[in-house]
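Chain order of the listed sequences is W and C. Be aware that the first sequence starts at 1, since it is given in full-length UniProt numbering, and climbs by one per residue. Be aware that the second sequence starts at 1, since it is given in full-length UniProt numbering, and climbs by one per residue.
Treat the hints with care, as some may be off.
[As the list claims (entries may be wrong)] Here are the simulated DSS-like cross-link-like pairs (lysine-lysine), alpha carbons at most 30 Å apart as the crow flies: (1) W:99 <-> W:9; (2) W:19 <-> C:104; (3) W:20 <-> C:64; (4) C:71 <-> W:212; (5) W:23 <-> C:78; (6) W:20 <-> C:244; (7) W:19 <-> C:157.
In short, the hints are calculated from the structure, not lab data.
What follows is the residue order along each chain.
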Amino acid sequence: MNYLKHIGKYFIMLKQVFKKPQKWSVFREMFFREIEDLGLKSLGIIAFISFFVGGVVAIQTALNVDSPFIPKYLIGFATKRSVILEFAPTFMSVILAGKVGSYISSSIGTMRVTEQIDALEVMGINSLNYLVLPKIMATLLFYPLLIILAMFLGIYGGYVAGLLTGKFFSEDYIYGVQLDFDPYFVKYALIKTLVFAFVIATIPAYHGYYVKGGSLEVGRASTQAVVWTSVVIILLNYFLTQMLLG
Amino acid sequence: MIEVKDLYKEFNGVPVLKGISTTFEKGKTSMIIGQSGSGKTVFLKCLVGLHVPESGLICFDGRKHTELDIKQRRQLRKEIGMVFQGGALYDSLTVEENIMFPLKMFTRDSYSDMLKRVNFVLDRVNLVNANKKFPAEISGGMQKRVSIARAIVMNPKYLFCDEPNSGLDPNTATVIDNLIQEITKEYQMITVINSHDMNSVMEIGEKIVFLKDGVKAWEGSNKEIFKTENEAIVNFVYSSNLFKKVREAYLNETK
Numbered sequence: 001m002n003y004l005k006h007i008g009k010y011f012i013m014l015k016q017v018f019k020k021p022q023k024w025s026v027f028r029e030m031f032f033r034e035i036e037d038l039g040l041k042s043l044g045i046i047a048f049i050s051f052f053v054g055g056v057v058a059i060q061t062a063l064n065v066d067s068p069f070i071p072k073y074l075i076g077f078a079t080k081r082s083v084i085l086e087f088a089p090t091f092m093s094v095i096l097a098g099k100v101g102s103y104i105s106s107s108i109g110t111m112r113v114t115e116q117i118d119a120l121e122v123m124g125i126n127s128l129n130y131l132v133l134p135k136i137m138a139t140l141l142f143y144p145l146l147i148i149l150a151m152f153l154g155i156y157g158g159y160v161a162g163l164l165t166g167k168f169f170s171e172d173y174i175y176g177v178q179l180d181f182d183p184y185f186v187k188y189a190l191i192k193t194l195v196f197a198f199v200i201a202t203i204p205a206y207h208g209y210y211v212k213g214g215s216l217e218v219g220r221a222s223t224q225a226v227v228w229t230s231v232v233i234i235l236l237n238y239f240l241t242q243m244l245l246g
Numbered sequence: 001m002i003e004v005k006d007l008y009k010e011f012n013g014v015p016v017l018k019g020i021s022t023t024f025e026k027g028k029t030s031m032i033i034g035q036s037g038s039g040k041t042v043f044l045k046c047l048v049g050l051h052v053p054e055s056g057l058i059c060f061d062g063r064k065h066t067e068l069d070i071k072q073r074r075q076l077r078k079e080i081g082m083v084f085q086g087g088a089l090y091d092s093l094t095v096e097e098n099i100m101f102p103l104k105m106f107t108r109d110s111y112s113d114m115l116k117r118v119n120f121v122l123d124r125v126n127l128v129n130a131n132k133k134f135p136a137e138i139s140g141g142m143q144k145r146v147s148i149a150r151a152i153v154m155n156p157k158y159l160f161c162d163e164p165n166s167g168l169d170p171n172t173a174t175v176i177d178n179l180i181q182e183i184t185k186e187y188q189m190i191t192v193i194n195s196h197d198m199n200s201v202m203e204i205g206e207k208i209v210f211l212k213d214g215v216k217a218w219e220g221s222n223k224e225i226f227k228t229e230n231e232a233i234v235n236f237v238y239s240s241n242l243f244k245k246v247r248e249a250y251l252n253e254t255k
C-alpha cells in the first residue's frame, strides 16, 4: 500500500511540475544552469566509462570467439551492437542515476530542510515547477547527446583495444562495425535514453522534495533515490526492449 | 489588519492549534511566544499559508485566506515577506542575487532598477560591501539581515519572522530587533514575530500572544506583561531570576 501511495504522490508531483513557468527568463536561466550541472559536468565520467567499457567488450568478445570458423569482424559487429543497444543507453543511464540522481535528491532535499523551498512557496512561487521542470528539460535535451557520444566512444574504445592488444585487426573491426548497420537500433537507444532521462530527473527530485528531517534524512533520501532510479531504469529497460524490439 | 478566528490545526489526528483567535494590527510589532511545542511555528506557518488549517479563518485586510483562489492567493503571497529561522537564503546565489530574486520573479524592472532597489534595502539593513558574497561566506547576523532585506525588497504589507534572532549574540539580536521595529513603523507593515527571546518580547513586543499547548493563554502588550497575574504567562516569562527582579522593580516603580 505504501508503494501505491508513493506512486500516486509522484504523479501528483508531476502535475505540479508541468505547469507554465512563472517567468520564462528565470526558467531559461535555470535551464542553462541545469545543462551545466546535470549535463556538461557528466561529460568526463561518461566519456571515460564508455571508452573503457567499449574496449573491454571488444577484448572479451575477441577472447570468446577464438575459433578459425568464426570471422574476426564479428568482434566489431558484437561490440557495436552491445554498445548501441545496451551499454550506452542503459549502463550509462544507471551511472547517471548514481551521479546526477544523488545530486538532484540531495540538493533539493537540502533546500527542503533548510526552508529554502518554504521561502519559495511563501513568495508565491510554484517550487516544483521552478526547481524540477528545468532539470527535466535539461536532461531530456542533453542526455541523448551524451549517449550518442557514449556510443561513439564505446565503439572507438573497442578499436583502440584492438590496436593495443593485437587480438584483432582494425580492418576487421571496422568492417564489423559497418556491417548490417540498422539505424532503428540508434532510434531505439535514443527512445530509451529519453525515458531514462525523465526518470533520472524526476525520481530523485521526488525523494528530495518530500524529505522530512535533517541532514541524515537527506542522505537517506539520496541513497533511496539512486536505488529506486536504478530499479526503475532496469525495469523500464526490460519493458521497452520487449515493446520496441520484441 | 490580520484577523484570525478559531484556527484549528492537527497533524495525524493530534491537535496542535486548538481554536486560536486574535488580531494583528498595522504598524505594530506583534509577537507570538510560548514554550517549545506550543504551536508557535505551526501558527506562523498557517498565517503565511505553508500549512492549511483544518478549520478557522485567516483574514488579510478583509481577504479570507482560506477562500482565495490560486491567483488571488499568489497575489496575496507577493504582499508577504518572511524571515526564516535559519535565513533560508539560496546557497548557490550571492547576497545580491538572493535579494534580487523576488524582483526577478515578479517585476519587469530593468537590471539597473533592480540593483538600485537591492542596494537600497541592503543599505536599509546596514549591510554594505556584501553584494557579491555567498551566504556561506557571511556571519549568522549578516545572513539574518540579508533575509530581512529579501523579505522587504518587494515592499510587503505583511512581515512574518520565525525566531529572527535565534543563535545570535545579544548585541546583534538587539540590532535585528530594532531593525524590524523600525522597518515596521517606516513602511507601516503588519509584523508578526515568533520568538523565544524574552529580551525581544520586552523591547519590541507591542502586542504579545502567548500560546500554551495550542491554546491562546494570554494576550496583551509588553507593558501589560509586567502587571498581569495570569499564572501561565508569569511562570513562562518570569522563570529566570533576572526577569523576576525586573518585574518587581517595575511594579515597585509604578506603585
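Each hint, compared with the structure:
1. W:99 <-> W:9: 24 Å, holds
2. W:19 <-> C:104: This hinted pair holds, its Cα atoms lying about 19 Å apart.
3. W:20 <-> C:64: At roughly 27 Å apart (the allowed maximum being 30 Å), residue 64 (chain C) and residue 20 (chain W) satisfy the hint.
4. C:71 <-> W:212: Holds: residue 71 (chain C) and residue 212 (chain W) sit about 28 Å apart, inside 30 Å.
5. W:23 <-> C:78: 15 Å, holds
6. W:20 <-> C:244: 57 Å, violated
7. W:19 <-> C:157: 28 Å, holds
Comparing the model with each numbered hint stated earlier shows that hint 6 is the single one that does not hold.
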